[in-house]
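K.L.:
With chain U held as given, fit chains R and V onto it using these hints.
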Amino acid sequence: MSERVLMKGNEALAEAAIAAGCRHFFGYPITPQTEVAAYMAKRMPKVNGVYLQAESEVASINMVLGAAAAGVRVMTSTSSPGVSLMAEGISYIAGSDLPMLIVNVQRGGPGLGGIQPSQADYFQATKSTGHGDFHMIVLAPSTVQEMVDLVAGAFELGDRYRMPTMVLSDGMLGQMMEPVVLPEPIGDELPEKPWAACGHGGNREHNVVNSLYIQPHDLEDLVVERYKRYDEIKKKEQRAEEYLTEDAEIIVVAYGASSRVSRSAVNKAREEGIKAGLIRPITLWPFPENAIGKAADSEKTKKFLTVEMSMGQMVEDVRLAVNGRKPVGFYGRTGGVIPTPGEVYDQIVRLSGGA
Amino acid sequence: MKDLNVLLAGFGGQGVLFTGKVMAYAGLMEGKEISWLPSYGPEMRGGTANCSVCISDRPIGSPLVVTPDVLIAMNLPSLEKFEDSVVPGGLIIVDSSLIDKKVERADVRTVYISASELADKNDLKGSANMIILGKMFRETGFCSEENLLKGIKKSVPARKAELYDTNVRAVRIGMSN
Amino acid sequence: MAKITSKPHALTDKPFHYCPGCTHGIAHRLVAEVIDELGMEDRAVGIASVGCSVFTYEYFSCDMVQAPHGRAPAVGTGVKRARPDSIVFTYQGDGDLAAIGTAETVHAAARGENITSIFINNTIYGMTGGQMAPTTLPGQITQTTPYGRDVGEAGHPLRVCEMLATLDGVALAQRAALNSVKHVNEAKKAIRKAFEYQDEKLGYTIVELLSTCPTNWGLSTEDSLQWLRDKMIPYYPLGVYKDIKEVRK
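Chains as they are written, first to last, in our numbering: chain U, 1 to 355; chain R, 356 to 532; chain V, 533 to 781.
Isolated chain U, as found in the complex (with noise of 0.2 Å):
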């Protein structure tokens, strides 16, 4: 299937999600991701797999949860309230060693919010999802394409080092349509999870899937141990796309659909001879902050500029990793509103000490 065909990024992810090999997906209707839970109500009973509709966000991790347990490939998908309900879940999927996908196409906050496209939901995602010690991956789109290419890497990325792994989209990725070429289906060759509790089937003993240990030096080593794993992946997975980045003085930090705009407002810039550049987070967790480490180093680099859908939540990362090396200012807009690219040129240009 090498043909570019146009589709919506909700209905792209979840045909890729398919070709991935998952075939179990429990949601709950919530705009604007609900295409993707009727785009698996539609392929799932033709490719032999499991669609249900659960009564709240609450039940629908909890059965991803179940499934995750019993060792298939699952995920489900909601908009930003929906996260909220599913943190409990999150929590113990983390606190079980789970893999599993979960699907944030953000919308407005806080409260009911709105329904437009936003990105206010980075500290959720990156820091402080659910209760207790523990960290998803969280992967970041920018094209219907990536949103196609990130998913199989979701689940291999979750069964590797089993746990959550989050795809954080917006309501522009999903509801917009580009072309796209869909993945070749995998075939059987999903990963041995010898750890799923899914009946012993007299040939083991008994597995236990369960976040609970009542004495507190067993659950500090076993955080420490997941620390030692987030550690790896702190080094092994960070991505990040730089562009026009080599000789920058301005360089640009933004994410998903902030990040387009961000690059026609680059594009802008050096078509009128700034030298302005962008690092496009792909891993929002782990945080590329190698690739910012290295753009703050460089003598030519002589400010950052972060442009958010929100108030500003990246940015106190994108400040971390550049450690007072370099400026870095700071450009949002919120509460379902995108900015344009020229707002995003103009603060550019204010940062190069044009006009």
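Hints listed in this document are in silico derivations from the structure and should not be mistaken for laboratory results.
Computed from a prediction, not measured in an experiment: that's the story for all the values here.
The C-beta atom is built at its ideal place from N, Cα and C for all residues, glycine as well.
Where hints are given, some of them may not hold.
[Said to hold, decoys possible] Capping the alpha-carbon separation at 25 Å, the derived lysine-lysine pairs in PhoX-like fashion look like this:
# : chain 1 : residue 1 : chain 2 : residue 2
1 : U       : LYS46     : R       : LYS509
2 : U       : LYS42     : R       : LYS508
3 : R       : LYS509    : U       : LYS42
4 : R       : LYS515    : U       : LYS46
[To be verified] What the simulated footprint calls covered on chain R by chain U, stretch by stretch (three residues with Cβ under 8 Å from a Cβ of chain U suffice, anywhere in the stretch; the number is not a length):
# : stretch
5 : 376-383
6 : 386-396
7 : 415-421
P.N.:
Here is chains R and V on its own, set in the frame of chain U:
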């Protein structure tokens, strides 16, 4: 061709999103980079709907069209809301059978077509959107005619294949009016 | 010396942590005996809940998953949908099943999910030290109803089997008690029937077991059994509230 950013706006149910999809597919057949971004919200029918389509030789940055090269206005609120956002030298296409008001700006090109009336007259009720697409094609030449027809074919669901002919007829009316 | 009894195979050798006089141990044993008798251990997956029975995963020899508070029916749904040939049971207390997990319980039942819930109703939150449960009786004193449950303030208890019996997805809803040999034998039959119905994919099955909590009731073991008989059974009558095979007859 330079970048072409199109904003289509009207009432829900007028086929604004479908028209945008045909346009996007035609651009894709042309070998261009394209994006299609709908407005979305609680209003399914009768509310306002609009759709951004970008066609370019380069990867599309922001898919949200805020300063359109081409505005297609299929109702009065859309014209009033977006008239000022069109780039100087841009094009506004107005369904004059639904909108009495004239475009006030002098620095844009305006084309009036009584699309809804033409649709009714030709027994193509509900195809005003495709008549306007034909007009827009004639005015901009954003793709070849062959690719426009391919775009229609790609956009019509297989189970409603009979709609292809209807849509092609409507587009041709738009081209010649 | 001849061995006349032993632990069921479906129980591990781990000693129970339950308080003296608590009937969790009986319930565990009954479930394990049924699993043994039906030869289901190989494909059984138990879902432990939150509360006193949280460590259930250490006591059953089959595969086990520990669920968040109240979510066992959703977790069980996930396991069952992933492994349709497994035998899935949840083991939940009253706070878990009938308060925080009401939605998950009702909807698993309404879907006719082929899982079995073992529902321990002892009218109190045990693990947190004796607070009001959704099943706490009117007038009953608990840590959070120190003057007795005032139904005008705290609302009325939930009768779970009666409620679930109205749902089309339910294959078996039966209430039994663990206070006498006769009742324990009835309870075991009910549990066995529930597992059999699940295996026949007839729908959701629930067996409610009226149980004791001497520690939090502030009663001796013997008085607890008496209290169960005199106070609980009149409010929560024993019996079959729905049996899909009886309905069909």
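K.L.:
Taking each numbered hint in turn, which are not upheld by the structure, reported in ascending numerical order?
P.N.:
none
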